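Keeping the supplied structure of chain A fixed, place chain B upon it in accordance with the hints.
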Amino acid sequence: MQNLQKPVARHEGLVVQEMPDEVLVYDLNTNKAHCLNKSAAAVWKNCDGSNSISDIAAILKNEFKTPVSDDFVWLAIDQLGKDELLEQKITAPANGLTRREAMRRVALASLVALPVVASLTAPTAAQAASVCQNTGAACSCTQANNSGFTASCSSLGGAVTGCTGACDCSVPGGTPANTAAGQCVQA
Amino acid sequence: MSNGSQQENLFQLMTKVQAERIRRAFVFFREHEIEPILVKGWAIARFYPNPHERFSADVDLAVNPDVFPTALELKKRHLIGKLPIDLHCGLGQFDSLSFENLFENSRLVDFNDTKVRVLRHEDHLRLLAVHWLRDGGIFKQRLWDIHYGVKNRPANFDWERFLETNGEKRRKWIVGAIAVAHRYTDLNVEDTPIAEEVKNPRLIPKWMLRTLEKEWNDPVKFMPLEQVMDDRREVWRQLKKRFPPNPLVASLYANAPLNDFPRLPYQIINIFQRLMPSINRTKWQLQSKLK
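Those sequence lines, one after another, are chains A and B.
Residues in the first sequence are numbered from 1 upward in steps of one, following the numbering used here.
Residues in the second sequence are numbered from 1001 upward in steps of one, following the numbering used here.
This is chain A alone, in the form it adopts within the complex:
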């Protein structure tokens, strides 16, 4: 069956960071970050309003050098729509399959990694602070923190040469609102 709907990727209000294997997208309207794997990103990039679902499947087939079905593209479109990364949400023609069944069918038929749009937790100022300034290397924080917390490198002091095991994420602090009740109060 020909899929003639032509999805359009949303660009307004999105900040995009392209990586070799994935695309990170931040939605300024919802303040949510998403990570599109290579196949989801390929679908998204080709949603230009002129390509139909079948066209996109053909483009991906060329790009990945392996057969890609319309269902595969629909799977990506479904997730992109849910995360509001398309101008308009479009729905796949009903084929009587549940989403799980459709996914299984696509997975079995496809040699390309399934399209995945994962939601990310945007780092807080805190977590960013766990980047060791001396090396530029990001430290992995081993302790979970509550939102609004901050963190620091325990080796802060100039002698850090690597961050392995040197980070300490137990230094929360939060930033009090400084405009509470319409007055200037303590920051």
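Bear in mind the hints are in silico, worked out from the structure with no lab data behind them.
Keep in mind it's a predicted model, so treat the numbers as computed, not measured.
Hints should not be assumed to be uniformly reliable.
[Stated by the list, open to error] Below are the SDA-like pairs computed for lysine to any residue, each with C-alpha atoms no more than 20 Å apart in a straight line: (1) B:K1241 <-> B:K1115; (2) A:K89 <-> A:Q79; (3) A:K32 <-> B:K1082; (4) A:K38 <-> B:Q1012; (5) B:K1082 <-> A:D83; (6) A:K89 <-> A:D71; (7) A:K82 <-> A:N62; (8) B:K1016 <-> A:S119; (9) A:K32 <-> B:Q1007; (10) A:K32 <-> B:L1083; (11) A:K45 <-> A:A113; (12) B:K1016 <-> A:N31; (13) B:K1082 <-> A:E12; (14) A:K32 <-> B:R1134; (15) B:K1206 <-> B:L1264; (16) B:K1082 <-> A:H11; (17) A:K6 <-> A:E84; (18) A:K45 <-> A:Q88; (19) A:K38 <-> A:L4; (20) B:K1151 <-> B:P1193; (21) B:K1016 <-> A:T30; (22) A:K32 <-> B:E1020; (23) B:K1241 <-> B:Q1273; (24) A:K32 <-> B:H1078; (25) B:K1016 <-> A:V23; (26) A:K32 <-> B:Q1012; (27) B:K1016 <-> A:L120; (28) A:K38 <-> B:S1005; (29) B:K1151 <-> B:H1052; (30) B:K1016 <-> A:A113; (31) B:K1076 <-> A:N29; (32) B:K1115 <-> B:K1206; (33) A:K38 <-> B:Q1006; (34) B:K1169 <-> B:P1201; (35) B:K1016 <-> A:L14; (36) A:K38 <-> A:S119.
Showing chain B alone in chain A's frame:
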């Protein structure tokens, strides 16, 4: 991809996000004929070797106290939930110079297809030093703001403007903050006119070093009470943490010199200084929740 590089990628994304937020904030306020000044965040990150390492979650903007109510109203009406802006009513709580003076000396810098107003570097560095002290020095990593602010200062940095306009007590606050950065981040001050002063081990009072190290090692970190109201245990921990008050915070709030004299009087004053705003904030928070 390793967790480290994924986090690094995320920080790069967030740097772009922050840049867009700053651009939008300036465009928005300028449309309403309000000219804000960007403080902290990107305004200091640009002095870091890798600016994306100095990540901030919100956009700190200071506006003239005369237009603050309007700016606040605009923010409430149009920006809440869209742009995380921390709006400051002037900069009087951090600096003794008038907002007009700071504004006249501010600069427009090209950023992300717009011009962003930032403080003159001398003023900003002074503000960052005082801000760090007013927070009780609890954010150890923010010492790097001072570190890179001094290290990567412009060639024409005016030390007189930076130090001489605030009186002796405030001057010692600022030099003291630089001395802490020198001590804990290996900040090289040899090429500054304050090198001898900064290296003097008696400049930082012993109680201040004890306070800082205690704060940095304390597993319970300061959090606004209104953020923890749902967790009784955390409320209790936070209340315990506030008594006695951080001596550094108490000194700054009481506009006191950082010397060897006991801090107890300032701490007592501080309890009363902070009690009412804290009650107001908590009340406001609870009211908002009930609505």
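Worksheet item: Given the hinted pair K45 (chain A) and A113 (chain A), is their alpha-carbon gap at most 20 Å?
Response: holds, 17 Å
Discussion item. Tell me if the straight-line CA distance from K1151 (chain B) to P1193 (chain B) falls inside 20 Å.
Written reply: holds, 13 Å
Practice prompt. Take a quick look at whether K1016 (chain B) and L120 (chain A) sit within 20 Å of each other, Cα to Cα.
Written response: With a Cα-Cα distance of about 16 Å, the restraint between K1016 (chain B) and L120 (chain A) holds, given a limit of 20 Å.
Discussion item. Check the hint pairing K6 (chain A) with E84 (chain A) against an upper bound of 20 Å on the C-alpha distance.
Written reply: Holds, at roughly 16 Å.
Discussion item. Please verify whether K82 (chain A) and N62 (chain A) have alpha carbons no more than 20 Å apart.
Written reply: violated, 27 Å
Practice prompt. Take the C-alpha atoms of K38 (chain A) and S119 (chain A), compute the straight-line distance between them, and say whether it is at most 20 Å.
Written response: holds, 15 Å
Worksheet item: Does the alpha-carbon distance linking K38 (chain A) and Q1012 (chain B) stay inside the 20 Å limit?
Response: Given pair K38 (chain A), Q1012 (chain B) holds - Cα atoms ~19 Å apart, limit 20 Å.
Worksheet item: Does the alpha-carbon distance linking K1082 (chain B) and D83 (chain A) stay inside the 20 Å limit?
Response: With a Cα-Cα distance of about 17 Å, the restraint between K1082 (chain B) and D83 (chain A) holds, given a limit of 20 Å.
Discussion item. Hinted pair, alpha-carbon criterion (20 Å max): K89 (chain A), D71 (chain A). Please report holds or violated.
Written reply: Roughly 16 Å separates the two Cα atoms, so the pair holds.
Worksheet item: Between K45 (chain A) and Q88 (chain A), is the straight-line Cα distance small enough, at 20 Å or below?
Response: Distance ~15 Å between K45 (chain A) and Q88 (chain A) Cα, so the pair holds.
Worksheet item: Is the Cα-Cα distance between K1016 (chain B) and A113 (chain A) 20 Å or less?
Response: violated, 28 Å
Practice prompt. Would you mind confirming whether the straight-line C-alpha gap from K32 (chain A) to R1134 (chain B) stays at or under 20 Å?
Written response: Distance of about 32 Å is beyond 20 Å: violated.
Going through the hint list in order, the structure does not satisfy hints 1, 7, 14, 19, 30 and 32.
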